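**Q** Going line by line, the protein sequences match chains A and B. Its first residue numbered 1, the first sequence is counted upward by one per residue in my numbering. Its first residue numbered 1, the second sequence is counted upward by one per residue in my numbering.
Possibly wrong hints are sitting among the right ones.
What the hints assert, rightly or not - Computed list of lysine-lysine pairs in DSS-like fashion (alpha-carbon distance at most 30 Å, straight line):
(1) B:Lys443 with A:Lys382
(2) A:Lys382 with B:Lys396
(3) B:Lys341 with B:Lys284
(4) A:Lys341 with B:Lys286
(5) A:Lys179 with A:Lys248
(6) A:Lys341 with B:Lys284
(7) B:Lys341 with A:Lys350
(8) B:Lys382 with A:Lys439
(9) B:Lys382 with A:Lys387
(10) B:Lys286 with A:Lys343
(11) A:Lys396 with B:Lys382
(12) B:Lys284 with B:Lys179
(13) A:Lys350 with A:Lys382
(14) A:Lys443 with A:Lys396
What the hints assert, rightly or not - Taking beta-carbon pairs under 7 Å as the criterion, some of the chain B residues facing chain A (in silico):
(15) Ser272
(16) Ile300
(17) Leu313
(18) Thr314
(19) Val324
(20) Ala326
(21) Val331
(22) Leu332
(23) Val333
(24) Ala338
(25) Lys341
(26) Met349
(27) Phe379
(28) Val381
(29) Ser427
(30) Val428
Just so you know, the hints here were simulated from the structure itself, not pulled from any lab data. What you are looking at is a predicted structure, and each value in this text was computed from that prediction instead of being measured. Ideal Cβ placement from N, Cα and C applies to all residues, glycine included.
Protein chains: 2
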Amino acid sequence: MPSPKIIPLVMAGGAGTRLWPLSRDTMPKQFIPLLAGGLSTFQATLQRLADPAFDAPIVITNTDFRFIAAEQMLACGVEGEIVLEPERRDSAAAIAVGAVLASRRDPEAVGLALASDHLITDAAAFRSDCKRAARLAAAGLVMTLGIPPTHPSTAYGYLAPGAELAEPGARRLTRFVEKPKLELATQYLAEGYLWNSGNFLFAAKTMLSELARHAPEVLEAAEAAVEKARRDLDFLRLDPESFARASKISIDYAVMERTDSAGMLAASFDWSDIGAWDSIHEIKPKDGDDNVLEGPAVVIDTHRSLVRSDEMLTTVVGLDDVVVVATRDAVLVASMAASGKVKNLVEQMKASGRPEASEHLRIYRPWGWYQRIDIGTRFQVKHIHVKEAGQLSLQKHFHRAEHWVVVSGTAEVTVDDRTVFVHENESVYLPIGCTHRLKNPGKIPLELIEVQVGSYTGEDDIVRIEDIYARN
Amino acid sequence: MPSPKIIPLVMAGGAGTRLWPLSRDTMPKQFIPLLAGGLSTFQATLQRLADPAFDAPIVITNTDFRFIAAEQMLACGVEGEIVLEPERRDSAAAIAVGAVLASRRDPEAVGLALASDHLITDAAAFRSDCKRAARLAAAGLVMTLGIPPTHPSTAYGYLAPGAELAEPGARRLTRFVEKPKLELATQYLAEGYLWNSGNFLFAAKTMLSELARHAPEVLEAAEAAVEKARRDLDFLRLDPESFARASKISIDYAVMERTDSAGMLAASFDWSDIGAWDSIHEIKPKDGDDNVLEGPAVVIDTHRSLVRSDEMLTTVVGLDDVVVVATRDAVLVASMAASGKVKNLVEQMKASGRPEASEHLRIYRPWGWYQRIDIGTRFQVKHIHVKEAGQLSLQKHFHRAEHWVVVSGTAEVTVDDRTVFVHENESVYLPIGCTHRLKNPGKIPLELIEVQVGSYTGEDDIVRIEDIYARN
Numbered sequence: 001m002p003s004p005k006i007i008p009l010v011m012a013g014g015a016g017t018r019l020w021p022l023s024r025d026t027m028p029k030q031f032i033p034l035l036a037g038g039l040s041t042f043q044a045t046l047q048r049l050a051d052p053a054f055d056a057p058i059v060i061t062n063t064d065f066r067f068i069a070a071e072q073m074l075a076c077g078v079e080g081e082i083v084l085e086p087e088r089r090d091s092a093a094a095i096a097v098g099a100v101l102a103s104r105r106d107p108e109a110v111g112l113a114l115a116s117d118h119l120i121t122d123a124a125a126f127r128s129d130c131k132r133a134a135r136l137a138a139a140g141l142v143m144t145l146g147i148p149p150t151h152p153s154t155a156y157g158y159l160a161p162g163a164e165l166a167e168p169g170a171r172r173l174t175r176f177v178e179k180p181k182l183e184l185a186t187q188y189l190a191e192g193y194l195w196n197s198g199n200f201l202f203a204a205k206t207m208l209s210e211l212a213r214h215a216p217e218v219l220e221a222a223e224a225a226v227e228k229a230r231r232d233l234d235f236l237r238l239d240p241e242s243f244a245r246a247s248k249i250s251i252d253y254a255v256m257e258r259t260d261s262a263g264m265l266a267a268s269f270d271w272s273d274i275g276a277w278d279s280i281h282e283i284k285p286k287d288g289d290d291n292v293l294e295g296p297a298v299v300i301d302t303h304r305s306l307v308r309s310d311e312m313l314t315t316v317v318g319l320d321d322v323v324v325v326a327t328r329d330a331v332l333v334a335s336m337a338a339s340g341k342v343k344n345l346v347e348q349m350k351a352s353g354r355p356e357a358s359e360h361l362r363i364y365r366p367w368g369w370y371q372r373i374d375i376g377t378r379f380q381v382k383h384i385h386v387k388e389a390g391q392l393s394l395q396k397h398f399h400r401a402e403h404w405v406v407v408s409g410t411a412e413v414t415v416d417d418r419t420v421f422v423h424e425n426e427s428v429y430l431p432i433g434c435t436h437r438l439k440n441p442g443k444i445p446l447e448l449i450e451v452q453v454g455s456y457t458g459e460d461d462i463v464r465i466e467d468i469y470a471r472n
Numbered sequence: 001m002p003s004p005k006i007i008p009l010v011m012a013g014g015a016g017t018r019l020w021p022l023s024r025d026t027m028p029k030q031f032i033p034l035l036a037g038g039l040s041t042f043q044a045t046l047q048r049l050a051d052p053a054f055d056a057p058i059v060i061t062n063t064d065f066r067f068i069a070a071e072q073m074l075a076c077g078v079e080g081e082i083v084l085e086p087e088r089r090d091s092a093a094a095i096a097v098g099a100v101l102a103s104r105r106d107p108e109a110v111g112l113a114l115a116s117d118h119l120i121t122d123a124a125a126f127r128s129d130c131k132r133a134a135r136l137a138a139a140g141l142v143m144t145l146g147i148p149p150t151h152p153s154t155a156y157g158y159l160a161p162g163a164e165l166a167e168p169g170a171r172r173l174t175r176f177v178e179k180p181k182l183e184l185a186t187q188y189l190a191e192g193y194l195w196n197s198g199n200f201l202f203a204a205k206t207m208l209s210e211l212a213r214h215a216p217e218v219l220e221a222a223e224a225a226v227e228k229a230r231r232d233l234d235f236l237r238l239d240p241e242s243f244a245r246a247s248k249i250s251i252d253y254a255v256m257e258r259t260d261s262a263g264m265l266a267a268s269f270d271w272s273d274i275g276a277w278d279s280i281h282e283i284k285p286k287d288g289d290d291n292v293l294e295g296p297a298v299v300i301d302t303h304r305s306l307v308r309s310d311e312m313l314t315t316v317v318g319l320d321d322v323v324v325v326a327t328r329d330a331v332l333v334a335s336m337a338a339s340g341k342v343k344n345l346v347e348q349m350k351a352s353g354r355p356e357a358s359e360h361l362r363i364y365r366p367w368g369w370y371q372r373i374d375i376g377t378r379f380q381v382k383h384i385h386v387k388e389a390g391q392l393s394l395q396k397h398f399h400r401a402e403h404w405v406v407v408s409g410t411a412e413v414t415v416d417d418r419t420v421f422v423h424e425n426e427s428v429y430l431p432i433g434c435t436h437r438l439k440n441p442g443k444i445p446l447e448l449i450e451v452q453v454g455s456y457t458g459e460d461d462i463v464r465i466e467d468i469y470a471r472n
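Produce the entire structure from the sequences given, and follow the hints as far as they go.
**A** Here it is in structure tokens:
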């Protein structure tokens, strides 16, 4: 039987907090350039699919991440569809939407539901496993990619093996087991259980019928959300009202634990779910003291540690097994063993209203990014980076005037009914209340320093009059 | 016998590195606002002398620290003389200069050589001890303030007790002992030895005759350096050529270990030399988990630790006995036990040319301060703070233009032969090569954002044409 066409359904809507302060709600871990060459795991996931057996991917993500997802796809040369979830609904709804869309593209298609925040370095082995699992999926099984355990981990769910299937390493899946205690995990290892990686292959029509049987309201919500979806620039916006009817349930609970058609394939590729900082330490190249040092870092008498700094000189003296991550506005110091508790730390900080818990200092926008570099009573200073052809919305402020100094590139600035070009080493003044727009008409990025002066410099004092990126 | 007049000789020229990143060569620990109320130990040392028995202090410091010393004295309302050492020469030369100056002020004076980086909270006990020691000093003894040991420390030198003297707790000092091994330290405790605090009282004339006998070249150099000293604004600049002839030797080696007139008084006050971060943890109020948290700090599962942050949100998860100090450009993470090794870290970073090892991001000047807030190719942004009546030198740059935006206060700006007033929310442009001066003519601090654009934005591209603070 020839391999069916595989349509990747890339799940990129999550918001992991255990890699804080790098991963935050406004820019979660799948989009962070964690890997060599400044690649994100989202990009590495897409690049791993470069093979004729895989059709253009369907990326399912949150509205908030649409521009970063589009930009990262463009940057790594991958074309595909970007589907926007109006709110977070867990994996069953996302996979249902993916199955509906895949089935519309090709009723015989096999869907590959893929996490975008996992690390797999042997792409060839991954593709080969997918093709083999796809053959079983085409025959009506819902296949899970299982990871042969290296140790009795209590951090993963396990897959219980059943009868052998036609592909080597493939078996029926008899039971899903939640994260077990150590004793049970040890027993599972002896009995040939695999770790549940959360990556699945299924014929679109199989998934639709399984959903119809086990989670009909999720399927109904997904179908209606796709039916009433709205094109917005290059994005497909799912209908909010319909999508909201899907319950917040994982595909494991909704389908996998209930279906009679579950199978599993023992992966032949390496795998990490990059759960917390300790796994980053694990996967990165280390020096002679087993340290991973990234950015301006100096250590003495320090071993088995991860030190990562964006910008600030970061130093460690006389400590073993620690994680130190320094960004421009937040520093994390943790014992390697407690790195999973960063999640609790972030929850606690969110509860007490610390903006650093969920927002990055550098804010990405469709036109580029901005970053606060100084703030005081009645003033704020920002560094603004506008991409080639990028333009900010036509806007005005009620409480602040702005001084823009161009330090690189050229700005096209509209102030009320006048348009001027501002070049490197030139400045322009925008009085309170004026209507203005900033555009980069040139061939290199525009960098400017914005000095805001006024009684209130909050981000919400923007009245958007017009926006090419269709933002509200 | 009435108490003689005591002239404090405050030693403030040191450059401790063990409190890095707070203490750096450009702003060493004695001037850092480490104490409650934002006070430095230098200021606390001066305030401790508020008693008619003490004459106006003579502060002996390095040329580099003259403005910060003057400003901190002004801020805490203490008047005194500031004597500038052209280079670092250790304590014998400084005390020799102090003795010469004290003796000129009053031939019968008792000098009190005081470290400016020690912490003593019971000021009344300190003053009372000084007065009692001063009576013995007036009678010809060189008195050391000894600290009754609380434990057999191997970090301090010890004073060996001899015959009792006329004041309670005072004895002849028979021997100075260098930092001992633990066994010896334990033995010293049993035998009534005291820690050497490095604070001395002596009749000026006694010190001069002891120096003449045991270190004549130091005395000669000090006398000539004072003789040929030059008044510069409010400072007394010692003659560089003469001062350079004094050998780099401590007063302990030069005089105390050789004199027949040494005495010691057991201090009745509490004392810390704030040697390293562990002693900061020791002296500060702690929370229920024995943590000292200063600035924006959040910790979970953390005990007996010190977390101090100037600005960035700084977090610790699951660690005990650590020191975390975050400044805007550098982060230190150390085990409490290894905090003394920060000295080695700083040496290593200096050797590899890291500017953060010795320079602060905020640079203090006689007119106020400036701080880099952003830097990139061909540009740099600074926040500049000019004190009331402060003015920068008349200057020009060969490689950069500057844009100044006033965000608070008023600036008087001279550009070539034109002078303009620039108010809040106004800006001024300074083209490359223009001669310019910035002045704060107002009654509140002037805050401005300076955007530099040009091929080179290094601090050494300043041609100073005229300067009210007599800087080169």
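**Q** Next step is simple, just say for each hint if it's right about the structure.
**A** Taking the hints in turn, this is what the structure says about them:
1. Between Lys443 (chain B) and Lys382 (chain A) the CA atoms are separated by roughly 28 Å; this keeps the pair inside 30 Å, and the hint holds.
2. Pair hint Lys382 (chain A) plus Lys396 (chain B) holds up; C-alpha atoms about 27 Å apart against a cutoff of 30 Å.
3. As the CA atoms of Lys341 (chain B) and Lys284 (chain B) are separated by approximately 21 Å, the hinted pair is consistent with the 30 Å bound.
4. Taken as a hint, the Lys341 (chain A) and Lys286 (chain B) pair is honoured in the structure, with Cα atoms around 24 Å apart against an allowance of 30 Å.
5. Using a Cα cut-off of 30 Å, the hinted pair Lys179 (chain A) and Lys248 (chain A) holds, with the two alpha carbons roughly 20 Å apart.
6. As the CA atoms of Lys341 (chain A) and Lys284 (chain B) are separated by approximately 28 Å, the hinted pair is consistent with the 30 Å bound.
7. Pair hint Lys341 (chain B) plus Lys350 (chain A) does not hold up; C-alpha atoms about 36 Å apart against a cutoff of 30 Å.
8. Of the pairs offered as hints, the one joining Lys382 (chain B) and Lys439 (chain A) holds, with about 25 Å between alpha carbons and a cut-off of 30 Å not exceeded.
9. At most 30 Å may separate the alpha-carbon atoms for a hinted pair to count; Lys382 (chain B) and Lys387 (chain A) meet this at roughly 25 Å.
10. As the CA atoms of Lys286 (chain B) and Lys343 (chain A) are separated by approximately 26 Å, the hinted pair is consistent with the 30 Å bound.
11. The suggested pairing of Lys396 (chain A) with Lys382 (chain B) holds, with an alpha-carbon distance near 27 Å, which does not exceed 30 Å.
12. Only pairs whose Cα atoms come within 30 Å are accepted, and Lys284 (chain B) paired with Lys179 (chain B) is accepted, the gap being roughly 26 Å.
13. Of the pairs offered as hints, the one joining Lys350 (chain A) and Lys382 (chain A) holds, with about 24 Å between alpha carbons and a cut-off of 30 Å not exceeded.
14. The straight-line distance between the Cα atoms of Lys443 (chain A) and Lys396 (chain A) is roughly 27 Å, inside the 30 Å bound, and the hint therefore holds.
15. Because the smallest distance between the Cβ of Ser272 (chain B) and any Cβ of chain A comes to about 21 Å, over 7 Å, the interface hint for this residue is violated.
16. Interface restraint check for Ile300 (chain B): the shortest CB-CB distance to chain A comes to about 6 Å, inside 7 Å, so the restraint holds.
17. Interface restraint check for Leu313 (chain B): the shortest CB-CB distance to chain A comes to about 4 Å, inside 7 Å, so the restraint holds.
18. Among the interface hints, the one on Thr314 (chain B) holds; its C-beta lies about 5 Å from the nearest C-beta in chain A, closer than the 7 Å criterion.
19. Look at Val324 (chain B): its Cβ gets to within about 5 Å of chain A, closer than 7 Å, so that hint holds up.
20. Taking 7 Å as the C-beta contact cut-off toward chain A, the hint placing Ala326 (chain B) at the interface holds, the least distance being around 5 Å.
21. Given the 7 Å rule on beta carbons, the hint for Val331 (chain B) holds: about 5 Å separates it from the nearest Cβ of chain A.
22. With its C-beta approaching chain A no nearer than about 5 Å, Leu332 (chain B) sits inside the 7 Å limit, and its interface hint holds.
23. Interface restraint check: Val333 (chain B) against chain A, minimum CB-CB distance 5 Å, threshold 7 Å, status holds.
24. Checking Ala338 (chain B) against chain A: minimum C-beta separation of about 3 Å stays under 7 Å; hint holds.
25. Hint status for Lys341 (chain B): holds, given a least beta-carbon distance of 5 Å to chain A, under 7 Å.
26. Interface restraint check: Met349 (chain B) against chain A, minimum CB-CB distance 6 Å, threshold 7 Å, status holds.
27. A distance limit of 7 Å between C-beta atoms decides the matter here; for Phe379 (chain B) the minimum to chain A is near 4 Å, and the interface restraint holds.
28. Annotation: interface hint on Val381 (chain B) holds; nearest CB of chain A at approximately 6 Å, less than 7 Å.
29. The restraint placing Ser427 (chain B) at the interface with chain A holds, with a minimum CB-CB distance near 5 Å, inside the 7 Å limit.
30. Because the smallest distance between the Cβ of Val428 (chain B) and any Cβ of chain A comes to about 10 Å, over 7 Å, the interface hint for this residue is violated.
Checked against the numbered hints above, the structure breaks hints 7, 15 and 30 and satisfies the rest.
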